[in-house]
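Engineer: What follows is the residue order along each chain.
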Amino acid sequence: MKTTFISTQAISESTRLSIAKLQLKLAGAQKEVVTGRLADVGLSLGYKTGETVSLRQEYERIRTMIDTNGVVENRLELTQAALQAIVNAAQDFVGDLLAARSSDSGPALVKRQAEMALSGLLDKLNTASNDAYLFAGINTDVRPVTDYFQVPTPASRQSVADAFFTQFGITQSDPAVVNITAANMQTFLDTTFAGLFDAAAWAANWSSASDQNVRSRISTFELVETSTNANEAAIRKLASAFTMVADLGTENLNQSAFYALVDTAAQRAGEAVQELSVLQGTLGTVQERVSIAKETMSVQVDIIASHINLLEAVDPAEASTRVSTLLTQLESAYALTARLHQLSVLNYL
Amino acid sequence: MTLSAGLEVARSGLAVTAGQTAVVSRNVANVGNPLASRKIANVVTSPSGGVALASITRVTNQALFDNLLAATSASNAQQAIMAALDRLDQTINDPELDASPAALVGKLADAIQQYASGPHDGTRAQSAVMAASRLAQALNSATRTVQDVRAQADADIANSVERLNALLAQFETINTEIVKGTRAGADITDYLDARDRTLAAISEEVGVRTITRADNDMVVFTDSGVTLFETRARTVTFAPTLIYSATTVGNPVYVDGVPITGSGSMAIGTGRLTGLVSVRDDAAVTYQRQLDEIARGLIEIFAESDQSAVPALPDATGLFTWPGGPAVPPAGVVVDGLAGVIALAASVDPLQGGNPALLRDGGIAGPAYVYNTTGAAGFVDRLQEILDRFAEPRAFDPSSNIDPLATIGGFGAASAAWLQEARRSAAAEVEYRTTLLERSAEALSKETGVNLDEEMTRLLELERAYQASSKLISTIDTMLGSLIAAIR
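Line by line, the protein sequences give chains D and R. Per our numbering: the first sequence = residues 1 to 349. Per our numbering: the second sequence = residues 1 to 488.
This is chain D alone, in the form it adopts within the complex:
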């Protein structure tokens, strides 16, 4: 005869197993309460783990880009500041030239002013930030230009001296420069002297900078030029304007030749200022793109972070409720086990 519907083993086994399961769940739930994240992210998310891994990659990538954009922004700002200083110097110089025309002590003074302006320009072109020269193109580790007035005489100054001597048969400091006619001076300035500042001669005698500008990735899809270089036409023109006043025997020229010189210098400097403002405009556009990219990316970072959170985080209130529910369940399971074990016919025999 079969009368049993449950065995003693089955009764105790079922409470034992449910206690074990509750304890396992409790361990996970406690961890979730403490960390605020899923206890085992991979196990809970399954294939969606790929998404959080990708999002985390994306997050790091954008953060890096925001970081590197900071470097780019810094470089652009310094470049803009240097360009602005150059423009200011050029404008002052044009004013100085006009003043020099109507003053007796003009030539000597303006020569000194030109020398200082030229030194200032070269100095600005050698601005470095973060161990890299701003106006060097991609040749960031080489000083773009050498000081015109240094000893020994650099190639730049030598080339000017050679050209002057070839043209007029005398050196710039020779008092005989007073004999140079305005027409001859004008021809010299427009041809031979101008030739000293064309791209090839500039690269040979003046500049070690590269024509190639630094390109930076400012967002996932934008690869832009984020520097300028000392070989730009505007810079060369300005250098030629400064040099012609500074180093062509200005103090000894006769008046008409001096006027020819000053007028040409003023014209060149004026053109240079215009071209520099175009250059500033171009860089300004890049700056704006960088700042837009930065803004967009900081928004993206926030969105991605909240997505990661959405995937991996647990609601702390829900988790702690779960813990307390589990604790209650576990307590009742213990109580039940104790009661079941007391419940035996043996106690009544």
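These aren't lab readings, by the way, just hints derived from the structure by calculation. Note that the structure is a prediction, hence the values are computed from the model and not measured. Virtual Cβ for every residue (Gly too), placed ideally from N, Cα, C. Treat the hints with caution; some may be incorrect.
Unchecked claim - Taking beta-carbon pairs under 8 Å as the criterion, some of the chain R residues facing chain D (in silico): (1) Ala-29; (2) Asp-89; (3) Ile-92; (4) Asp-110; (5) Ser-117; (6) Asp-315; (7) Ala-377; (8) Gln-384; (9) Ala-406; (10) Gly-409; (11) Ala-416; (12) Glu-421.
As the list claims (entries may be wrong) - FRET-style restraints, in silico, Cβ to Cβ: (13) Ala-52/R / Tyr-348/D: 26 to 34 Å; (14) Thr-321/D / Thr-435/R: 45 to 53 Å; (15) Thr-123/R / Thr-296/D: 41 to 49 Å; (16) Pro-393/R / Ser-119/D: 48 to 56 Å; (17) Leu-327/D / Glu-162/R: 42 to 50 Å; (18) Asp-98/R / Val-299/D: 49 to 57 Å; (19) Ala-391/R / Thr-328/D: 49 to 57 Å.
Once you've looked at the hints, dock chain R against the given chain D.
Structural biologist: Using the frame of chain D, we list chain R on its own:
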């Protein structure tokens, strides 16, 4: 009816009650034994009116027991898989730790982006090369982990086979006793319990089906139909492989020369052996392929091409290299074990006396491969090209079981997704199978197990019956005494 007949019946009652009490005490002794069944003393009435203990049988339910065997096999297979996947998870861990190959690929791309923002800066170059070195090491160690998992599975298969042989030998002894006992009409219930226990243990290792023939003789087959036991135990053989590399192929398990693992028609479907073999030959192998493809993708991304005016040389390995270098591994085809041997080119690695700036300039493969011909410190074209390649989808071997066209970061993430999904479904399966096993065991235990309370009440009953029979004997004795006194 005579008094002496009554006395005889009362005496047989005493004997039967004693026998039944013995059965009750056997049941009580087995109350904590999960697979012991409840024994029943079958009492028959003899023609003379007395009672006798005809036989002892046990409560059994073949259907529930078969369920239990199937559930045991299935849950053990899944548990073996789950344990191995948990070990493979070491290579990924919590996504927050950024320790997975995918995360390290991302970190390398970030380091290169940093380098591109300050290409003159030697520190950034070093940090990019260090990121690459960490990635190569992570791939190397992931490969070791995967191959360790395979070697461990192989060792476990060997242990499992050994246990299976021992259990089958034990089964043979018990089965022989049962057949003999059945023929002799002896009490074989304890042997039957022992045989069930052995069978349950066998079903942990391999899925089984059974047929019971005359004289309680049992024949055991694997779930695929290969005979494990018929009168004699069959021999299960397996040649273990001690050291695993990505190209190692493990041996199958044979029963009487028939392979029962792998893809053959006689391959078993459940049991720990199935799980272990599937880990060794399937899951771990696929995961290794994915790692190998990540390694191949990296070699491809950093490969350099001939920069001469008229390029004549083939592409060659750059920052990442492999024993087959400087040739670049063929596109779109997995190279087994590549992740285990991928390394940094010595000419770039500062720890090996290399120059990290070659990452910017090119020329790791030789002078013809120099990209930065002017030696400019701000040269970024090569770095930007590398970054572009990180963002380009590339072709991966479809045998890696994930989307064959993806960026390298995407492929890495998909690999993590593949592993975690495998873990999740294995965990769900383990939970389901375990619950099924618990329910089957509970159902069987309810049906065939011992209930202490019931045994105790039966004991009360038996006590009363014994008292009654004793009382009868003493009463009949008194009656016989009065009769004899009357005669005297």
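Engineer: Now tell me, hint by hint, if it's right for this structure.
Structural biologist: Tested hints:
1. Ala-29: violated, 12 Å
2. Asp-89: holds, 6 Å
3. Ile-92: holds, 6 Å
4. Asp-110: holds, 4 Å
5. Ser-117: holds, 4 Å
6. Asp-315: violated, 23 Å
7. Ala-377: Nearest chain D Cβ about 3 Å off; hint holds.
8. Gln-384: holds, 6 Å
9. Ala-406: violated, 10 Å
10. Gly-409: holds, 5 Å
11. Ala-416: holds, 5 Å
12. Glu-421: OK, holds: Glu-421/R within 8 Å of chain D, min 4 Å.
13. Ala-52/R / Tyr-348/D: 26 to 34 Å: The hinted range 26 to 34 Å holds for Ala-52/R and Tyr-348/D, with Cβ atoms some 33 Å apart.
14. Thr-321/D / Thr-435/R: 45 to 53 Å: violated, 25 Å
15. Thr-123/R / Thr-296/D: 41 to 49 Å: Given range 41 to 49 Å: violated, Cβ gap about 29 Å.
16. Pro-393/R / Ser-119/D: 48 to 56 Å: holds, 54 Å
17. Leu-327/D / Glu-162/R: 42 to 50 Å: holds, 44 Å
18. Asp-98/R / Val-299/D: 49 to 57 Å: violated, 23 Å
19. Ala-391/R / Thr-328/D: 49 to 57 Å: With a Cβ separation near 52 Å, Ala-391/R and Thr-328/D satisfy 49 to 57 Å, so the hint holds.
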